[in-house]
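One-letter residues, chain by chain:
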Amino acid sequence: MPRLPLIAALLGTLLLCGRLPAADIDPANYGFPLHNPFEATITTTPPELRPLLPSDDEIDQQDYSLPLRPERRFALPGNLRQVEDLRYRLARQDHPAPLIFVISGTGANYASSLTEYLKRLFYGAGFHVVQLSSPTSYDFMTAASSAATPGLSREDADDLYRVMEAVRAQQADLPVTAYHLTGYSLGALHAAFVSQLDETRHSFDFKRVLLLNPAVNPYNAVRNLDRLVQTEVAGVTGNLTFYELILGKLTRYFQHRGYIDLNEALLYDLQQSKERLTNEEMAMLIGSVFRFAAADIAYTSDLLNRRGLITPPNYPIDEDTPLTPFFIRALQCNFGCYLTEQLIPQWRARHSGGSLAQLIGQISLQALQDYLAGSRKIAVMHNADDLILGPGDLGFLRRTFGERLTLYPFGGHCGNLNYRVNSQAMLEFFRG
Amino acid sequence: MAERPWLIASALLAGSLAVNAEPAADGDGFKHPLDRLHFNQSLDQREFERSSLAILNVRDPWERWNRRVYHFNYRFDEWLLLPVVRGYRYVTPGFVRSGVRNFFSNLAEIPSLLNSLLQGRGKRALDTGARLLFNTTLGVAGLWDPASRMGLPRQSEDFGQTLGAYGVSEGPYLMLPILGPSNLRDAGGQLTDFLTANWVDYLNVATASDAHPEIYALKGTDLRDSIPFRYGQLNSPFEYNQIRYVYTRARRLQIEE
Numbered sequence: 001m002p003r004l005p006l007i008a009a010l011l012g013t014l015l016l017c018g019r020l021p022a023a024d025i026d027p028a029n030y031g032f033p034l035h036n037p038f039e040a041t042i043t044t045t046p047p048e049l050r051p052l053l054p055s056d057d058e059i060d061q062q063d064y065s066l067p068l069r070p071e072r073r074f075a076l077p078g079n080l081r082q083v084e085d086l087r088y089r090l091a092r093q094d095h096p097a098p099l100i101f102v103i104s105g106t107g108a109n110y111a112s113s114l115t116e117y118l119k120r121l122f123y124g125a126g127f128h129v130v131q132l133s134s135p136t137s138y139d140f141m142t143a144a145s146s147a148a149t150p151g152l153s154r155e156d157a158d159d160l161y162r163v164m165e166a167v168r169a170q171q172a173d174l175p176v177t178a179y180h181l182t183g184y185s186l187g188a189l190h191a192a193f194v195s196q197l198d199e200t201r202h203s204f205d206f207k208r209v210l211l212l213n214p215a216v217n218p219y220n221a222v223r224n225l226d227r228l229v230q231t232e233v234a235g236v237t238g239n240l241t242f243y244e245l246i247l248g249k250l251t252r253y254f255q256h257r258g259y260i261d262l263n264e265a266l267l268y269d270l271q272q273s274k275e276r277l278t279n280e281e282m283a284m285l286i287g288s289v290f291r292f293a294a295a296d297i298a299y300t301s302d303l304l305n306r307r308g309l310i311t312p313p314n315y316p317i318d319e320d321t322p323l324t325p326f327f328i329r330a331l332q333c334n335f336g337c338y339l340t341e342q343l344i345p346q347w348r349a350r351h352s353g354g355s356l357a358q359l360i361g362q363i364s365l366q367a368l369q370d371y372l373a374g375s376r377k378i379a380v381m382h383n384a385d386d387l388i389l390g391p392g393d394l395g396f397l398r399r400t401f402g403e404r405l406t407l408y409p410f411g412g413h414c415g416n417l418n419y420r421v422n423s424q425a426m427l428e429f430f431r432g
Numbered sequence: 001m002a003e004r005p006w007l008i009a010s011a012l013l014a015g016s017l018a019v020n021a022e023p024a025a026d027g028d029g030f031k032h033p034l035d036r037l038h039f040n041q042s043l044d045q046r047e048f049e050r051s052s053l054a055i056l057n058v059r060d061p062w063e064r065w066n067r068r069v070y071h072f073n074y075r076f077d078e079w080l081l082l083p084v085v086r087g088y089r090y091v092t093p094g095f096v097r098s099g100v101r102n103f104f105s106n107l108a109e110i111p112s113l114l115n116s117l118l119q120g121r122g123k124r125a126l127d128t129g130a131r132l133l134f135n136t137t138l139g140v141a142g143l144w145d146p147a148s149r150m151g152l153p154r155q156s157e158d159f160g161q162t163l164g165a166y167g168v169s170e171g172p173y174l175m176l177p178i179l180g181p182s183n184l185r186d187a188g189g190q191l192t193d194f195l196t197a198n199w200v201d202y203l204n205v206a207t208a209s210d211a212h213p214e215i216y217a218l219k220g221t222d223l224r225d226s227i228p229f230r231y232g233q234l235n236s237p238f239e240y241n242q243i244r245y246v247y248t249r250a251r252r253l254q255i256e257e
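In order, the protein sequence lines correspond to chains A and B. Under full-length UniProt numbering, the first sequence has 334 at position 334, and the numbering climbs by one with no breaks. Under full-length UniProt numbering, the second sequence has 21 at position 21, and the numbering climbs by one with no breaks.
Because the hints were derived from the structure by calculation, they are not lab data. Note that this is a predicted model, so its numbers are computed, not measured. A virtual CB, placed ideally from N, CA and C, is assigned to each residue, including glycine. Heads up, some of the hints might be wrong.
Residues on chain B that point at chain A, a partial pick, calculated with CB under 8 angstroms [said to hold, decoys possible]:
1. 40
2. 50
3. 63
4. 235
5. 236
Throw the hints in and build the complete structure from the sequences for me.
Spelled out as structure tokens, the structure:
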């Protein structure tokens, strides 16, 4: 009988230690108007529901370059010479402030629109912001990557960490009170690995780390993305290619309006008209954008490592060399092809064999499960209808992050990041 | 027997509802967004490849020269034009810049008007003529743009478009030094529009510019400031090909429109 209080206490601690459930945002109160994940991914939030952001004139910002691989410079083919130094963008406050590093998503560089948006948001809230290219962007691969074969999360994080240290060294006069870290999509996966690296290297001791729509299992993610161009689009036959079909819709839409008006609301307005795109067309469009990113990755990695899969080794490439034949070859390589032809052979050679399952286990968030579960400073925001997720990914996030996971009911892939409710939650997290 | 059609109709309705409804979330709350797509049953349809290879098909016999000019422009932009634009934005207040922008846009209405007339587009010519009138008078020599607020948006037409409208083919793709992507037809059009504007000499600006070349410099700076494109922005080793396609396709759209 005297044991009873002890058992009760034990049960109590167990309950307290057990994870609190994730913060599921109620669809009824969320108010995000786009319930179609493809539409949300393409158009993002309607302009009137976006947060107020500072304009360019109100931001003290500049692009800088870092000469990180001077030894590679002389061996670089002529067509990559414009990215021989790694560029990044720093927006500085005129007072001491915390600094947020933003890591871009798949194939995106530091100036891509989502990274720019996050800069404006955080800068407006009083943070210094450093925008970084993704390790999968061709400028990063050329100027900063040690192996120029992105996809191995730990090595990519190692490259990123070195870039961040170089940024800090270059901006030694910047009064920084604390360091934060964020990233979206693949950049969020990188942010998690960078954060773990920081626990041993302690260069920044990140105070808060926010993962926005992370790729939980990059293999799931790229398989989904590769699949998107396999949708059945009605009407693409014979002479009419998919792009011409989309452009035809756009032309008819403009003819109906009477004038061409390219603005932020264009895609949103198009979806309200009778020329609206179908789910299959939108999926194919999203898939195509990612296929162009895959082509750039496959081409650049092959060229820098002289693998001879796309560009023949020792083929003379100067500024004026026509590259169309190589573009054609690169466009035929999707993420799966890059994985099997370049990433996996490279990984096997360096780590003496290993199965695909082992590789996936090493590069996905699951590899960091214990770290992520125990690290209170890391939080995740994700969408229930994100295109890059596979079955079980959200379950993993729930188990690992508990109440540090915020799950939004809509938004597709990153489509609700510029929705006011989301931006407010992000700022609250970093101010916290 | 009589209720059969109803059965079929309700079954069809239920079927269509099932397709349109949002898929239910699984135990984790995941909605499986890809499950609502119809995929092509054949293993690999290669429509992406077919479409993408088709866009590479732009007549470009002077590709080597064009690529050299592309790299030259890249550097010229970065080392000269953009720093000048930044300095201009730094020293000039916003309302002055918009005045400068409106002033040069107003001058550009002259070639727009002529080209609308040449293409026989009466409505557009009238609109442009009205813009010219309102903005030059009410807008004080074009420094303001009251016409846009009256519901007359700017609709630019150039001589390249006029030639295109009459069926003149594009000719080979041409990367112009400093000015950027073009083709033989549009480059000729640009020159014609420039000479015409000089000849019309609206508000005596052309004459004044000859005496004060700094007006050209201001015009060039404003023009660069008005174009959001930056070299390297497409972030691809194949940016040259992408610009080439976008330019060519956008021009065709403008002409068809």
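Evaluation of the provided hints:
no.	hint	result
1	40	4 angstroms, holds
2	50	6 angstroms, holds
3	63	5 angstroms, holds
4	235	4 angstroms, holds
5	236	5 angstroms, holds
Going through the hint list in order, the structure satisfies each hint without exception.
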